[in-house]
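Single-letter residue listing:
2 protein chains.
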Amino acid sequence: MKKLINSVDTVLETSLSGFARAHADIVRLNNTPCYVSRQQLKPGKVAIISGGGSGHEPLHSGFVGYGMLDAACPGQIFTSPTPDQMMAAAEAVDGGAGVLFVVKNYAGDVMNFEMAAEMVTMPVATVLVNDDVSLPKDHSIGRRGVAGTLIVEKMIGAAAEQGADLAACKAIGERVNAATASMGVALSSCTVPALGHPTFAIADDEIELGVGIHGERGRATVKMQPASEIVRQLSEHLQQELNLQSGQQILLHVNGFGATPLIELHLVYELAWQYWQALGVVVSRSLVGNFTTSLDMAGCSLTVTVLDEELVRLWDAPVNTAALRWGC
Amino acid sequence: MKKLINSVDTVLETSLSGFARAHADIVRLNNTPCYVSRQQLKPGKVAIISGGGSGHEPLHSGFVGYGMLDAACPGQIFTSPTPDQMMAAAEAVDGGAGVLFVVKNYAGDVMNFEMAAEMVTMPVATVLVNDDVSLPKDHSIGRRGVAGTLIVEKMIGAAAEQGADLAACKAIGERVNAATASMGVALSSCTVPALGHPTFAIADDEIELGVGIHGERGRATVKMQPASEIVRQLSEHLQQELNLQSGQQILLHVNGFGATPLIELHLVYELAWQYWQALGVVVSRSLVGNFTTSLDMAGCSLTVTVLDEELVRLWDAPVNTAALRWGC
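One line per chain: the protein sequences are E and D, in this order.
Numbering-wise (my numbering), the first sequence opens with residue 28 and increments by one.
Numbering-wise (my numbering), the second sequence opens with residue 28 and increments by one.
In case anyone wonders, no lab produced these hints; they're calculated from the structure.
Watch out, some of these pointers could steer you wrong.
[As the list claims (entries may be wrong)] Result set (DSBU-like, lysine-lysine): computed pairs, CA atoms no more than 30 Å apart in a straight line:
| id | chain 1 | residue 1 | chain 2 | residue 2 |
| --- | --- | --- | --- | --- |
| 1 | D | K250 | D | K164 |
| 2 | E | K250 | E | K29 |
| 3 | E | K29 | D | K29 |
| 4 | E | K250 | E | K164 |
| 5 | D | K29 | E | K250 |
| 6 | D | K69 | E | K29 |
| 7 | D | K250 | D | K29 |
[As the list claims (entries may be wrong)] Under 10 Å between C-beta atoms, here's a sample of chain D residues computed to sit facing chain E:
| id | residue |
| --- | --- |
| 8 | G45 |
| 9 | I257 |
| 10 | Q260 |
| 11 | L294 |
| 12 | N317 |
From the three backbone atoms N, C-alpha and C, an ideal C-beta is built for every residue, glycine too.
All chains, full assembly: derive it from the sequences and hints.
Dropping the structure here:
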């Protein structure tokens with residue numbers, strides 16, 4: 028394992044310190060317990076809080092700021108944050124209108140956010156994100172939350188900024204989650220620093236379809252294929268889920284897992300665009316880049332959100348975070 | 028080689044098509060000859076054009092837009108663009124105030140931009156970027172242009188947007204280049220699609236100090252070290268060049284080469300910040316992320332630009348491109 032670190036014990040602490048310093052105009056870092064919060068809080072606004080294991084940067088800390096999250100709670104790498112982080116973050120950013128937790132569907136995250144929700148004193152609601160269609164709908168632990176999470180967070184954040192109350196923010200989040208489907212492909216494994224070797228083995232001529240963002244095995248390990256074939260398969264799974272009709276509008280998000288060059292991500296975007304175009308589906312909003320990463324894993328995921336007028340307006344609304352910024 | 032491509036011949040074309048589509052609000056793509064240009068040109072403004080081999084995305088096409096470049100000419104991967112691309116781009120974006128070429132110091136780029144400069148009909152000037160201090164100042168082919176290029180492009184772009192004339196834009200560019208020093212470290216090689224195997228061999232316990240952005244060997248192949256030791260060595264080379272004094276202000280840019288996770292880049296930023304802090308140097312502006320990449324190479328570079336009031340103003344000026352966006 029070759030990584031730019033000093034020791035596996037200090038990776039997160041040192042990295043968060045650098046992140047907060049490099050973006051001191053937008054965020055502040057609280058160390059004990061650990062959370063990242065917005066520099067400029069807005070009294071009377073519903074506070075939006077997310078969090079989860081680290082190693083997926085810029086998710087979630089990179090989405091803290093105007094028009095998106097009020098706070099993010101980073102756990103250790105691929106490890107859930109703890110309820111004390113969530114409670115402290117909630118106390119710090121509560122503006123008097125309640126707190127909304129945005130939680131990716133992993134057992135540890137769900138349990139700890141539930142505990143925090145029981146213990147905080149302000150009104151609280153939760154949106155569960157489970158956009159990964161690589162697992163069947165009736166899977167025992169449910170579907171995972173992956174790259175669609177940032178779309179849920181962006182749209183809820185815009186609604187909150189515009190004055191939506193706690194129930195309305197929760198409703199928007201659940202609506203976006205239901206309108207969103209994602210599926211990924213891995214060309215290589217990631218290596219967790221504390222483990223020191225790749226999470227899973229994959230042959231030089233194989234890829235993993237439906238991989239999770241922690242390197243969880245997916246639907247199938249298959250032989251390497253041309254990008255157009257990979258994109259077709261991923262897109263078909265999304266289409267089976269969303270059943271899009273000609274004329275419908277979508278947001279198309281190509282997300283890199285960390286080690287795949289931007290030149291390939293834009294190539295994948297083009298092929299995915301062609302897939303939807305052929306069905307008469309209108310790609311009216313786009314996002315291409317490394318947003319929900321898996322450390323140094325090579326590969327990418329496709330996410331589609333079915334849009335309507337309200338969701339377009341929420342997506343286009345101004346946002347000013349380390350990783351997403353427009354209109355500000 | 029596992030890459031998300033269809034064939035090595037179509038990588039660039041398909042990728043550029045996707046890039047232009049995903050950012051159609053900011054750029055347009057001309058295919059033959061190939062260049063990316065700003066959607067909204069500004070008559071009477073000096074036109075800023077850059078270009079170079081592809082494989083370094085988002086450099087340069089990702090920097091086309093308000094406040095930065097008017098056009099970028101992408102060559103094939105790690106291959107110089109041709110004079111006809113540069114001439115066509117110049118004709119397309121000339122606003123009547125002349126054209127400034129921003130050229131990284133590589134023999135092919137320099138030669139082809141020189142040929143284009145001779146053949147275009149409008150007034151033209153060139154800024155050569157050679158910020159890589161890993162080679163000695165008197166190196167036979169001169170020092171390479173690397174991650175400092177985007178800082179030169181950002182500041183020239185701001186000056187042009189504010190009405191600076193061609194001579195003033197060239198002077199700003201040369202001043203920024205002289206105030207900028209960069210040095211990189213590779214943990215792995217990159218793999219050029221057409222070659223199909225890693226550009227250079229590096230052992231599991233070795234790193235390459237002073238690596239170029241095409242995987243050129245650097246100053247020394249050394250054993251893997253803790254990040255703080257790597258950062259210290261890179262920073263010392265920058266300091267030997269810049270001879271910064273306590274109280275001086277700098278822009279600190281940590282650039283990922285493509286396959287290094289953001290969590291490590293922020294960690295490197297923190298360590299670099301500590302190095303300059305200990306010397307009394309004030310890091311007043313920061314940029315952390317994958318901006319001048321080398322396909323799938325793991326590693327990063329440090330870039331320092333010595334700031335004064337004018338350069339801070341040019342850095343802070345609004346910019347609206349695919350890869351850099353603020354104030355718009």
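Status of each hint after checking the structure:
1. D:K250 with D:K164: holds (26 Å)
2. E:K250 with E:K29: holds (27 Å)
3. E:K29 with D:K29: Answer holds: K29 of chain E to K29 of chain D is near 20 Å, not above 30 Å.
4. E:K250 with E:K164: Satisfied, since the Cα-Cα distance of roughly 26 Å is no more than 30 Å.
5. D:K29 with E:K250: holds (11 Å)
6. D:K69 with E:K29: violated (47 Å)
7. D:K250 with D:K29: holds (27 Å)
8. G45: Holds, about 3 Å.
9. I257: This hint holds: I257 of chain D lies near chain E, its Cβ roughly 7 Å from the closest one there, short of 10 Å.
10. Q260: Violated, because the Cβ-Cβ distance from Q260 of chain D to chain E comes to roughly 13 Å (cut-off 10 Å).
11. L294: holds (4 Å)
12. N317: Result: holds, 7 Å to nearest chain E Cβ.
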